[in-house]
Structure formats: structure tokens, C-alpha cells
Amino acid sequence: MNLLRILSDIEKVDADASERFLFSRRKLLKTTSVAALATPAFFAATVNKAFASHADVVAVLNFALTLEYLEAEFYKMGNMTPGLIPESDRQVFMKIGEHEQQHVNFLKSQLGGEAIPMPNFDFTAKGMFPNPFSNYQVFLTLSQAFEDLGVRAYKGQAPKLKDDKPVLLAALKIHSVEARHAAEVRLIRNQRVWASEQEPGGVPAMVYKDENNVKHHDAIDLISLVDDRLLRQNGTQQIAEMVVRESFDEPLTKEEVYMIASPFIRENMP
Amino acid sequence: MEKFNTLTEKKAGPTIPVIPSVERRMFLRSLGLASASALALLSSCAQEKLVAPSTGLGRSGARMGATILPDGTIDLGPGDIGISNLAYALDQLEVAFYHTAVEKAYGLNEMDRKVLVELHDHEIVHKEFFKALLGDNAIPMLDFDFSAINFNGRNDVFDAAQKFESVGVGAFNGTGPLIQDLEILKIAGKMVSVEARHATLARNMIYPRTYFALGHEMIDGNGLDWHLTPDEVLAKAQPFIKQKLSAANLPKM
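Protein sequences, first through last, are from chains A and B.
So for the first sequence, our numbering puts the first residue at 33; every next one is plus one.
So for the second sequence, our numbering puts the first residue at 215; every next one is plus one.
Careful, some of the hints might be misleading.
Pairwise CB distance ranges (calculated) [what the hints assert, rightly or not]:
hint: 1; chain 1: A; residue 1: D250; chain 2: B; residue 2: Y425; range: 41 to 47 Å
hint: 2; chain 1: A; residue 1: R261; chain 2: B; residue 2: D285; range: 28 to 34 Å
hint: 3; chain 1: B; residue 1: E431; chain 2: A; residue 2: T285; range: 29 to 35 Å
Here chain B is said to cover these stretches of chain A; the calculated rule only asks that three of the stretch's residues, wherever they fall, bring their Cβ under 8 Å from a Cβ of chain B [to be verified]:
hint: 4; region: 107-119
hint: 5; region: 128-138
hint: 6; region: 278-284
Just so you know, the hints here were simulated from the structure itself, not pulled from any lab data.
From the three backbone atoms N, C-alpha and C, an ideal C-beta is built for every residue, glycine too.
Turn these sequences into a full structure, and let the hints guide you.
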């Protein structure tokens, strides 16, 4: 399954590109002097810019939609499987599944005709997780993996949405819901609530790649700054480093996320 | 109007070429310029002053960092500085709250205490980050009044905690799209999900594994979390802060 290829195909086909072109041209004619318009370079640059920003947003939203399809389908199957989820946790997983389906619907409504269809999923990840819907612990492990991955994926894409405020706002609002889910599932599993490379909890290590980063700004050495201010006992460098690590969640790139998600996505698209 | 920042007067274009990197870093920090972003903001403000020379009075003087208005109100400042000051104020609030809770709360078990200490320590990191980022543009240390919180009730303490953390989530979500500096947007993104994890943990300390634990009442029919405007954030935080804060110069959506 080559998701990257599919996405780039979508961008190429991009049905309404010509329409957008016309729109941009019309707008330009209204607002710009004819003399400026006569400069081909000026014209091309402007149209390219309008195009790039729309295509970027569509690519980000379809990327997000792929992950939301994955999560929604995963919880739908889990919630439908009798005896998988114990009574104590049913409320949580019904609600999480509902949120993921809402994310799918919302993203599709934003994308309209540009939304990609739902792929087929293989939740065993080619046998890596043999029994996700008969072994509750495996189900929980995958749930944590998908939620933490979702948090990192949205975080990585947010900067690309900077020029489209309403879409950025919506993405941030999904992002923090994914973080609530991740924390909840971690608590159910008796894992620490914070993501770290040391404690993957059975989740593929790549999901937590570079999560230990403590350098968030070129000129700010947080470990030294907080070292003697922590309440945690024995304020050693190691403790301070751990606390700094836990205080920030890290992003993943689209390519990194796809590499992790690919084994769960079958080749044959509907 | 009292200005916290005398830097603008004389440091329009600091040149720092020959200082080796570590000392340069210390030097920058001591100037309150411990960030490339702050430098960028400083230079943009310096440019602004060329257009509208500051008399040291009036609005043009308020264009850079936090300021104290004649009635004592603390103005958070404009742009990314104002947004960062808002986050800094919330982090101060959270640190002070958790500190008080760890010291004063009655009837905490060992796990309760451990959770509050962990949350406190994360918020220290967030607070120190913004303090360093803002340098001389930061608001001062605030004073807090937690008399409305019942520290004798363990559930009351965790309910206050989840409310503060939820305000943090709403504040980061609401101000994210208003941030100009991409680096600050990225770092805000790294913090907001930790705030959401905090809120979930605090809620689970009261009603574990429930809709409440997931923050359901803050999530709409599209599965989107809540967001708050800067004024809404202040309305929720102000009752606990002794100084009056103003977000009047923060950007709007």
C-alpha cells in the first residue's frame, strides 16, 4: 500500500483546480492594475500561491481523514465485538468511538468532493497484532498506539495550516481531543499518562521516536532553569530532565506517521 | 504608565557578534532576549517606533511588552507577546495552585499527592519556558487568591485542577490561530496536548473511566474540543488572580 502515492495522485487530479484558477484570475482582475497583470511572472506567482495553499490544506485534511478512518473503524469493530470490552470500560470506548466517527464526518464535510474514500484496514498489521478483537490487552495497546500517533500527527501538521485560521483552529480542537483519549487509554492500561521513549507499553517504538526531546528552543536550557524549582524529590539532573521531557509532546512528520500506519492499511482500496 | 521594559529605549539593535555561544546565551538571557523570536519581535518593534516615535506615554508605549496601566491593571501586551503572557499567567496560576494544594490539602492519599506533584512540576517547566521566552516583556509575578477552593476536600482539589487545566486547553486552542511566529505555534502545540493529558488525569482522579473523565461536556457534536478567546480565558482565571489583567491588545480571530 503506497499511501504517499495515492495522496500525490489526489493532488494531481484535484478536480476543481481549474475552477480555482478562474477564481483567482477573476479576483486578480478586480484588484490589480492591468499593467501588473501583463507581467507573466507576477501572474504565475500569484496563481501558484493560491493553488499551493489550497492543495496543502486538502493534503493535510486527507491525511488526517485517513487516521480518523483508521480510528473510527477500529473502535467500531471493538465496540461491536461481544465480550471484548469489559463493562467498566464500555462508556469510555463508546464515547471515544463516537468522537472518532464525528472527526471523520467533520473532515469529510470540510473536504467535500476532495475527501478520499475509506481504505480497507488490517488491524493485525500483517500479523504483528494477531488478535486485536479477541484479546482486550491487544485492543488497548493498539488504542494507545493510534491515539498517541494521532496526537503527534496533528501536532506535526498544525504549522502547515497557519495561513488558514479556521482550519487550524479545528485541527487544534481535534488534536486536544486525541490527547484526552490517549491519556484515558493510558490510565486504563496503568501506563503513565505522558508519552516517552522509555515506556512504549508494547506499542511499536517508532510511535515514540524522538519523544524524549528536551530542546525546545535554541537559547532556553529548561533543565537548568527548573532544576531547583521542582517538588519531585531529589532534584537531580536526571529528574529535571525527565520532567522537562514529560512536559512537552513531540510532533511526527507525515512520512513518519505513514510509515507507522501503513501496515494497518490494505492495498486494495474500495 | 510604568514600563517593565526599559530595553526598548536603548537596545533598538543589539549587536552580539563576538561573544562565544554559551556566554552569548547567558548574555541574551540576562537581557531577556533568550530567544530568536524575542529578537525578531524586538526588531519589529524597533521598526514600529520609527513610524510612530514613542513619547513614553500613550498607546505607542504599550506596543511591545506587558505594561501597567494607570489604574494598576496589567496589560498583557500585543501579538505573540500578549498570547505568551496569557499562557504565562495561566502557568503561574497553575503552579501556585498545585503548590498550595500539595502544602494545604487535607486527606490526600499517596497517589493523590504524587499526581499533584507531577502536575506542579510540569507547570513549572511551562512557566519557566514562557518566562525565559518573554524576558523583559513578561508580566510580573502575580499574586493569587485561592480562598474559593476547598482544600479540605480531595475531590474539590482535583475538580479545581481539572478546571484550570481545561482553561489551559481552551486558551491554547483559542490563541493558536492568532500566533504569528511559527516556532511559538509549534511549542504551544507541544504544550496543549500535555494540558489535555493533565485535565484527563485530574478528571480520572474524581470519576475514572467515564464521560466526565473524557471531558465530554467540552467536546461538541463534531468531536471538537472547546476553545476560549483571550477575554474568556481571563474571565475564568481572574477570580483567582489579585491583579487585574487585560487582554485588550491581544490579536483577534
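Against the structure, the hints:
no.	hint	result
1	A/D250 / B/Y425: 41 to 47 Å	42 Å, holds
2	A/R261 / B/D285: 28 to 34 Å	32 Å, holds
3	B/E431 / A/T285: 29 to 35 Å	34 Å, holds
4	107-119	violated (count 0)
5	128-138	holds (count 9)
6	278-284	holds (count 6)
The structure fails to meet hint 4 from the earlier list, while all remaining hints are met.
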